[in-house]
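Engineer: Sequence:
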Amino acid sequence: MTGSKQAKVLGYIVASCLLVGISQVQAADVLTIPGVTTTGNVTLTSDYRFRGVSQTSNNPAIQGAINFNHESGTYASLWASNVSGNSTAEIDGVLGYATKLNLIPNRDTTLDVGYIRYIYAGSGDTAAGSNQPDYNELFGRVSIADSMIEKDNLMLGVNYSNDYFNKSDNFWYLSANYTAPIKDTGFGLVAGIGYNLFKNSRMMNRALNATSSDDNYIDYKLGTSFGVQGLTSELAWVETSIKDSECVDKKACDGALQLSISKTF
Numbered sequence: 012m013t014g015s016k017q018a019k020v021l022g023y024i025v026a027s028c029l030l031v032g033i034s035q036v037q038a039a040d041v042l043t044i045p046g047v048t049t050t051g052n053v054t055l056t057s058d059y060r061f062r063g064v065s066q067t068s069n070n071p072a073i074q075g076a077i078n079f080n081h082e083s084g085t086y087a088s089l090w091a092s093n094v095s096g097n098s099t100a101e102i103d104g105v106l107g108y109a110t111k112l113n114l115i116p117n118r119d120t121t122l123d124v125g126y127i128r129y130i131y132a133g134s135g136d137t138a139a140g141s142n143q144p145d146y147n148e149l150f151g152r153v154s155i156a157d158s159m160i161e162k163d164n165l166m167l168g169v170n171y172s173n174d175y176f177n178k179s180d181n182f183w184y185l186s187a188n189y190t191a192p193i194k195d196t197g198f199g200l201v202a203g204i205g206y207n208l209f210k211n212s213r214m215m216n217r218a219l220n221a222t223s224s225d226d227n228y229i230d231y232k233l234g235t236s237f238g239v240q241g242l243t244s245e246l247a248w249v250e251t252s253i254k255d256s257e258c259v260d261k262k263a264c265d266g267a268l269q270l271s272i273s274k275t276f
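Per the numbering used here, residue 12 is the first one in the sequence shown, and the count goes up by one each step.
The hints are simulated quantities; they were obtained by calculation from the structure and are not laboratory data.
One thing to keep in mind: the hints can contain errors.
To be verified - Keeping only pairs whose Cα atoms sit at most 25 Å apart, straight-line, the calculated DSS-like set for lysine-lysine is:
no.	residue 1	residue 2
1	Lys162	Lys194
2	Lys262	Lys232
3	Lys162	Lys210
4	Lys274	Lys232
5	Lys274	Lys210
6	Lys254	Lys194
7	Lys162	Lys232
8	Lys162	Lys274
9	Lys178	Lys254
10	Lys261	Lys178
11	Lys262	Lys178
12	Lys232	Lys254
13	Lys178	Lys111
14	Lys232	Lys194
15	Lys261	Lys232
16	Lys254	Lys274
Take the sequences, apply the hints, and build the full model.
Structural biologist: Dropping the structure here:
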């Protein structure tokens with residue numbers, strides 16, 4: 012992707028998110044949908060990592076999201092980021108439903124299920140048999156607040172795609188993520204691990220542009236979160252079990268220190 016194209020994509024993402032934020036404030040008394048709340052965020056990150064693998068060739072990314080939540084528990088959201096390779100941007104649309112569960116006494120437990128459509132803008136031909144990477148994914152996850160200590164959160168999830176990146180058939184992703192405050196320091200613990208399972212090694216290599224003999228890999232993250240002038244920051248080490256020598260873009264699978272700064276509106 013050329014510098015001019017990337018700059019345009021970044022500009023569109025940021026401008027869209029800011030305009031939504033401004034319109035929220037200015038039009039709040041003009042148009043209100045009963046039972047619906049709107050939130051959004053803008054994030055600047057040193058590297059966009061998706062399931063441990065860099066999507067920007069270890070370069071920075073600007074990302075934005077807008078969320079529409081109904082009091083019934085249904086919601087819809089759009090998320091976008093610049094990416095490298097043949098695409099100029101990734102745009103994810105999500106439809107979901109979240110509800111409270113009474114599984115564990117004295118624990119705030121939430122079930123969240125939904126559908127994700129991954130779209131890669133500028134990736135070329137959309138005809139059948141092309142290399143267009145757009146694909147669908149179903150997900151389900153359970154979040155448990157105060158799971159071990161006060162104000163922590165444990166999330167367990169499963170994702171499934173029948174054609175991951177539109178070229179690797181069945182794919183499963185099992186994940187566990189945990190966040191917790193570090194006493195009264197203002198810092199928080201951030202940890203996550205994911206298990207990526209493909210139909211076979213050939214499908215994994217097609218999806219990741221790799222040369223592995225395995226049909227699965229593990230990704231993990233460990234770091235800290237903290238606030239800076241009303242912004243939410245996170246510094247974490249992100250890595251996968253894939254060998255560097257097995258990735259065409261060796262840095263994409265290598266471990267890296269990732270810094271992200273976000274603002275919610």
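Engineer: Hints first: check each against the structure and report whether it holds.
Structural biologist: Here is what the structure says about each hint:
1. Lys162 with Lys194: 10 Å, holds
2. Lys262 with Lys232: Measuring from Cα to Cα gives roughly 16 Å; hence the hint holds.
3. Lys162 with Lys210: At roughly 38 Å apart (the allowed maximum being 25 Å), Lys210 and Lys162 break the hint.
4. Lys274 with Lys232: 21 Å, holds
5. Lys274 with Lys210: Cα-Cα ~38 Å, so violated.
6. Lys254 with Lys194: Answer violated: Lys254 to Lys194 is near 37 Å, above 25 Å.
7. Lys162 with Lys232: 20 Å, holds
8. Lys162 with Lys274: Status holds; Cα separation ~21 Å.
9. Lys178 with Lys254: Holds, at about 22 Å.
10. Lys261 with Lys178: Since the Cα atoms of Lys261 and Lys178 sit roughly 21 Å apart, the hinted pair holds (cutoff 25 Å).
11. Lys262 with Lys178: 22 Å, holds
12. Lys232 with Lys254: 17 Å, holds
13. Lys178 with Lys111: The hint is violated at about 36 Å.
14. Lys232 with Lys194: OK: Lys232 and Lys194 at ~21 Å, within 25 Å.
15. Lys261 with Lys232: 18 Å, holds
16. Lys254 with Lys274: The given pair, whose Cα atoms are some 35 Å apart, is violated under the 25 Å limit.
Of the numbered hints stated above, those contradicted by the structure are hints 3, 5, 6, 13, 16, listed in ascending order.
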